[in-house]
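Engineer: Go ahead and model the full structure; you've got the sequences and the hints to work with.
In case you want the letters, here they are:
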Amino acid sequence: MALTLTHYLVLSFILFLVGMAGVLLRRNIIIVLMSLELIFNSVNISLAAFSYFLQNLNGTIFVVFNITIAAAEAAIGLAILVAVYRRRQTVYVDELDEMRG
Amino acid sequence: MIEQFFFYMFAIVAVVTAVLVISVRNPVHSAFYLIVCFLQVAAIFILLRSPFLAAVQVFIYVGAIMVLFLFAVLVLDIGREQFREHFHGQTVTALAALLALFVVMGILLVSGKITAPLGPFDEPALMKNTEVIGKSLYTSYIFPFEIVSILLLIALIGAVVLVMRGQGKESKD
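Sequence lines, in order, name chains A and B. Take the first sequence: its position 10, counted from the start at 1, is 27 in the working numbering, and no numbers get skipped. Take the second sequence: its position 131, counted from the start at 1, is 1188 in the working numbering, and no numbers get skipped.
Hints are computed from structural coordinates only; laboratory data are not their basis. Please note: incorrect hints may appear among the correct ones.
To be verified - Some chain A residues judged to face chain B by a derived CB distance under 7 Å, without partners named:
id, residue
1, 35
2, 47
3, 49
4, 65
5, 66
6, 72
7, 79
8, 85
9, 89
10, 92
11, 94
12, 95
13, 96
Every residue, glycine too, gets a C-beta built ideally from N, C-alpha and C.
Structural biologist: Here's what the structure looks like:
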């Protein structure tokens, strides 16, 4: 039994679930941002797997753009994190609840 | 057979380190586990016959993004706060949402099948993977490419402005 698309999709799915759990469960903003990167990676795996098994390079090109967006997202997220920490002296998401309705 | 062995090895290490990333308390340890996870994903890209993606993954994720994260941990000096409770109060709701996601995606994975036609890039054509990607990136994808470069510039300026403005207000107080 050779490797099929499903193997890669299941791997991508598990990584996505783990990243999602990190975003929903952790309090520390830095870990939340790292979990976002995990989610980006799981999506990249599934795009690359589709690209390989459909013999079509569009998915690969999309991964390149995706990695660029992830870099921009990390830069902005960490800048926001630094700004918030300066003002509020906290990195815990449940203490940043000023905008809660 | 040997490809399968390597796939399972990389996949298991990736999943284990991903779980460690979200479960250890110290953010620096999380960052190092995340680096290991990214390297495994790069190896998975090589198994998917895209060495270009693997190189980009190592350069950008491990080389740039993770260094940025480590710098943030360093600048914010978060280590001393690590002993407080690290999961927050909405655990039950979050686990229910994850379970629902698991069920939905499991159904999709089991019931889905490929109906799209296969493209021209089979195994021999992918031997020149990087060349093919470069060609299509600079011909048919030139407009998204330029947009993405502008977006990176905006992100750069935005990050600088966000951090600078906080500093200005702080010095005025």
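Engineer: Looking at the structure, which of the earlier hints fail to hold?
Structural biologist: 3, 7 and 11
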